[in-house]
Amino acid sequence: MAGSLISQSEQVFIVHGVENDFRSDGRSSIDYRPMELETDVVSHASGSARLRLANTDILVGVKTEIDVPKPETPGLGKIEFFVDCSANATPEFEGRGGEQLANTISSTMQRAYYSPQAFNLKQLCIFEGKQCWKLYVDILILECGGNLCDAVSLAVKAALFNTRLPCVKAALMDGGNIDLQLSDDPYDSKQLDIGTAPLLVTLCKIGTKCVVDPSAEEERCSVISLVVGVTGNPNFYQTDDNVIPDIKCKCSTISMNGPGSLSPKTLKSAIEQGITAANCLDNALGDALLREKDEISYLKKHSYGFLK
Amino acid sequence: MPLDYRRFNGPDDSVSYKRFTPDFLKSYEELLGDLLEKNNLKDEQASDEAQRVFAETDTISQAKGSAYVEIKNTKVVCSVFDPREIPHQNEFSHLGQIYCEVKFAPFSCSSQRRPPAPDAEDKALSEALRQAIEPAVCRHLFPNYQIDVFAYIIENDGSCLAAAINAAGLALTDAAVPMYDLITASSMAILDDKMFVVPNEEEEELAMKSQESKDINHGVITLSMLSELSQITSFIQIGSLETDCVIKAMDILEKECKELVPNIQKVVVRNVIKNVKRQQILHESAKEMEEILDEKYNLWQKSLKAKSYLCFSLSFFSLLA
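Those protein sequence lines, which keep their order, are chains A and B.
Be aware that the first sequence starts at 11, since it is given in the numbering used here, and climbs by one per residue.
Be aware that the second sequence starts at 979, since it is given in the numbering used here, and climbs by one per residue.
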């Protein structure tokens, strides 16, 4: 992965710090760095979000399209992830340099969103067996400062929360074909139910312990990281009081990145650590998104980033 | 998807007739019932999973090392080629690289024909295979070089990644690539409270399928490990599983991987014995050839001596005259 060069003694410093649960920026092993999140930043997309996690900058746009469902799953919609590693992030991504990284991230996302308990594709169905929504989730990596998977999953969840699907006004059956009339009022739209959408947590093994949200320097010190996808809790994403019985967080995907290996004991503790971290992260994301939603509805939004 | 123009494709909005066959229209519950019934029948035969692996080396003569692995009905051929310089790279890399390619044969899957060009699944599998075998190889021994590993799935009946990893590990051993340990892999499909070790295609599909009822554990896990060092080199899970379930599955898979090791070792040992025997035979035949040659040489030497003596005496006599 792209990153800076660090010396041997710096590596030793970081490894020893992690062993005693002190990290060079004062965080504990499950703390994230400060994040900056804004939604609704791209006007041509149905939903969008921009996330800045320390030096990592991710822009996600969701485009919707009407498509024919697959014959084996007539009642389900489709979702697809595309990752583009822009050469702005690091010169290494120039040409086809970032392709492998992009493929890894998009296939991890695809796997994380696979289970219906993570993301229910039924809500994308328009007319069973004939028409459904297809979501194109385009992920743009603008700056690369470590921990891409987590940042991407957070930004994707925020963008999906922000996505509005236009309501269908009328459907005309013409022979076997269906003619849909979509509402052109931007407020006549429905939101997606993304409460359970998974978040990815990367646990970087440094020395004998794992840390969450590694910086680019910390990433240099480790040879293996574990990516755990954990389903979200829908209660964090709604304001009204009809509390859904708490759903236990589940693993939606687990995979390993990097050239090293792990002992079974470390793997087990890392999975549990990941689930704890994901739960905190999900709660914080829910709060931020609800606050953001309020701001947008009062039309008092002020933007933080460079996208106005 | 790009259309295959060499085949007759039918009208655009046509669907496969298979969609209307009774097998296809079965609901999820019916499929589950069928599967459980079948498994009950199978359980009566009570066979050990690790015994159902067939492995063989030296299947491809052109490759440096190769292996053929059968797990249940899944058949995989894997070949490993000599290290070569990493193409299109300007920088020097201190660690060697491994290039993996997993390909499905067009006729490998029961439901549809595989497109000949690699699709997203092939690429994901290639990446997963590389991740799994990379930690096992001593990559510092061949800097700036690349080892090519090609796995070809001839028949896919579930757990094809596990089969591919096993085959690749065996092929690397056969190619005498320096490695830290033998690598073995196993997979499992989980459906509610049932766990299918080394699932077949039906079980895998059902465990991955979308379900109406919420809160059921379902998913597929593939784990590969270096048993002697007890290191997990890759762990891939899809689906939705509780933590306890993942950990339980992990323990079972670890055991399964360990049980597989002696089987693989047996194949390797058999291969070594075969090679030693072959070497002996070669050695003996070389010896025989040498003896024959020696004999001929002696004969020739004698005749040469005789001739030279004749010449010498002739010249001597001529001088005298």
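If you're looking for bench data, these hints aren't it; they were derived computationally from the structure.
Computed from a prediction, not measured in an experiment: that's the story for all the values here.
Hints should not be assumed to be uniformly reliable.
[Unchecked claim] If you want a taste of the chain A side facing chain B, the calculated C-beta under 10 Å gives, among others:
id: 1; residue: Glu82
id: 2; residue: Gln127
id: 3; residue: Ala226
id: 4; residue: Glu227
id: 5; residue: Arg230
id: 6; residue: Val233
id: 7; residue: Thr241
id: 8; residue: Asn243
id: 9; residue: Asn245
id: 10; residue: Thr249
id: 11; residue: Ile264
id: 12; residue: Ser265
id: 13; residue: Leu272
id: 14; residue: Pro274
id: 15; residue: Thr276
C-beta: ideal position from N, C-alpha, C; glycine also.
Checked hints:
Residue-level restraint check for glutamate 82/A holds (minimum Cβ-Cβ distance to chain B is 8 Å; threshold 10 Å). For glutamine 127/A, the suggested interface contact is upheld, since its CB lies about 4 Å from the closest CB of chain B, less than 10 Å. Checking alanine 226/A against chain B by beta carbon gives a least distance of about 19 Å; that is not within 10 Å, so the hint is violated. Interface restraint check for glutamate 227/A: the shortest CB-CB distance to chain B comes to about 20 Å, outside 10 Å, so the restraint is violated.
Interface hint at arginine 230/A: violated, since its Cβ lies 15 Å from the closest Cβ of chain B, which is beyond the 10 Å cut-off. A least Cβ separation of about 8 Å between valine 233/A and chain B falls short of the 10 Å threshold, and the interface hint therefore holds. Taking 10 Å as the C-beta cut-off, the interface hint given for threonine 241/A holds, the closest approach to chain B being about 6 Å. The interface hint given for asparagine 243/A is violated, since its Cβ lies 13 Å from the closest Cβ of chain B, which is over the 10 Å cut-off.
Below 10 Å, beta-carbon pairs count as interface contacts, and asparagine 245/A has none with chain B, the closest being about 15 Å; its hint is therefore violated. A distance limit of 10 Å between C-beta atoms decides the matter here; for threonine 249/A the minimum to chain B is near 23 Å, and the interface restraint is violated. Residue-level restraint check for isoleucine 264/A holds (minimum Cβ-Cβ distance to chain B is 4 Å; threshold 10 Å). With a cut of 10 Å, the hint placing serine 265/A at the interface with chain B holds, because the nearest CB-to-CB distance is about 5 Å.
A distance limit of 10 Å between C-beta atoms decides the matter here; for leucine 272/A the minimum to chain B is near 5 Å, and the interface restraint holds. Below 10 Å, beta-carbon pairs count as interface contacts, and proline 274/A has one with chain B at about 6 Å; its hint therefore holds. Because the beta carbon of threonine 276/A sits about 9 Å from the nearest beta carbon in chain B, less than 10 Å, this interface hint is met.
The structure fails to meet hints 3, 4, 5, 8, 9, 10 from the earlier list, while all remaining hints are met.
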